[in-house]
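If you read the sequences in order, they're chains A and B. Sequence positions in the first sequence follow this note's numbering and run 9 to 160. Sequence positions in the second sequence follow this note's numbering and run 36 to 402.
If you are wondering where the hints come from, they were derived from the structure by calculation, not from laboratory data. Heads up, a few of these hints could be off.
[As the list claims (entries may be wrong)] Residues on chain A that point at chain B, a partial pick, calculated with CB under 7 Å:
#, residue
1, 68
2, 74
3, 76
Predicted, not measured: the structure shown is a model, and the values here were computed from it. Where is the CB? At the ideal position from N, CA and C, for every residue including glycine.
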Amino acid sequence: MTADNTEAMSRREAMAVLASAPADVLARLWRESGLGNDASVIRGPETGLVALRGRIGGGGSPFNFGEATVTRASVKLPTGEVGHAYALGREREKARISATIDALRQRSGLAARIDAEILLPLRDRMRAADDSRRAETAATRVEFFTMTRGED
Amino acid sequence: MYVAVKGGEAAIRNAHRLLADRRRGDRSVPALTLEQITGQLALAVDRVMAEGSLYDAGLAALAIKQARGDMIEAIFLLRAYRTTLPRFGYSRPVETGEMLIERRISATYKDLPGGQLLGPTFDYTHRLLDPDLAGDEQPQKPETREPEEGPLQRVSDILAHEGLIEEDGVLSHGGEPADITRTPPDFPLGRDARLQALSRGDEGFLLALGYSTQRGYARSHPFAGEIRIGEVEVELDVPELDFPVPLGRIRVTECQMVNQFKGSMMAPPQFTRGYGLVFGQSERKAMAVALCDRALRASELGEDITAPAQDEEFVISHSDNVQATGFVEHLKLPHYVDFQAELGLVRQMRAEFEERDRASDHKEAAE
């Protein structure tokens, strides 16, 4: 799986990368980017619950099977852009940074820089982790051997 | 009669201080970190998340530490914590078919597409205690191999085209799924409410009931059609955005039990299914849930209800270990006045009994 680093990320994809990012790595990349921090918080960061749903039999009617902690934040830039963030867990600073990034990406010209400096490194990291997980699982695949029977 | 009594404050305070000391253990030994608990006691954390019905590994680890490893106490702590948080909404249903698989096995098809992936399993270990683990020996790095591309087909879909197996369960009411955390269960329940209760139910209780179905109490001829463990994406619809917001991934265990079914007045002979979906790597629990789910479908499938595992009110009312422990353990609370009242009653009954005894002896002697 090679990262298609040239194509711009959709807003949804960017939010997916931010939601899955380890808080400390995101905080470091954010600091290193030196991007302005003039966003004002309009909601949160606050932690709550999301009820999780599955499907009966895997693909049937939905049912609730538990809850998860989720932290969210919304921010507004002086220029008016509003950014949102939601992620599993209780990382408030991560939510605030993620919402700010979501807002900044709406400014013309900034998205490419944010993607290059923050989101693509996070996505590459996540993909590498997933790839090694897949490879480790694949090594535990059972190879069956058919024994020859009868005597000839 | 309830009577207010004061006292015991100092005893309680000192008992809790003693608890904190005993919890810490030998102070010359380093304290456990939450990272050690989530990293090295991961399946204990998974169980507390599953039965605490709250996916948050850090909180579950804290609960285990605070409870000194008492799992039901830890589950209780997590349940209590969740009541302090607001609810943001209901997620979209997770798609287990698109799981990032860490383990996937089937007992019904040897050569299923994608293969049997054992993952990090206790199966096929010899259950011999390993003295090396008493120390800090570094294990080898995992072996790797080039994986196959694409999502793994479900085992239930392999049989589906022949019409010999039930389809995924579709509820007739079609409305919003039941939520037993908002509306207390009202029997009879829908399968959605039962599965929610079973997902958070006590592993030991459900394991015993599942086992009872195998031993002939509501025999349901089960096969482990498929068990898969791995991570699924969670998405939430929120008013401020016009697309479902990705929240990250959670690890779940899914069990598809396949059950031979002779047919009834209501359904033709076919393979029926039981389903289990549980937080974390919780294979035994997911299997027990699937066995119980199938047994509890007795009336839907026109089967006679003859065994405890088929009795919905019995199973669901007693599956929650927080409720169960609350009622059993409340017996420890002072019942001094109740007991004094009963003591008086028993004394009076005993006096009347002895009086009757004497009277009949007297009568016999007179005859």
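Results of checking the hints against the structure:
no., hint, verdict
1, 68, "3 Å, holds"
2, 74, "5 Å, holds"
3, 76, "4 Å, holds"
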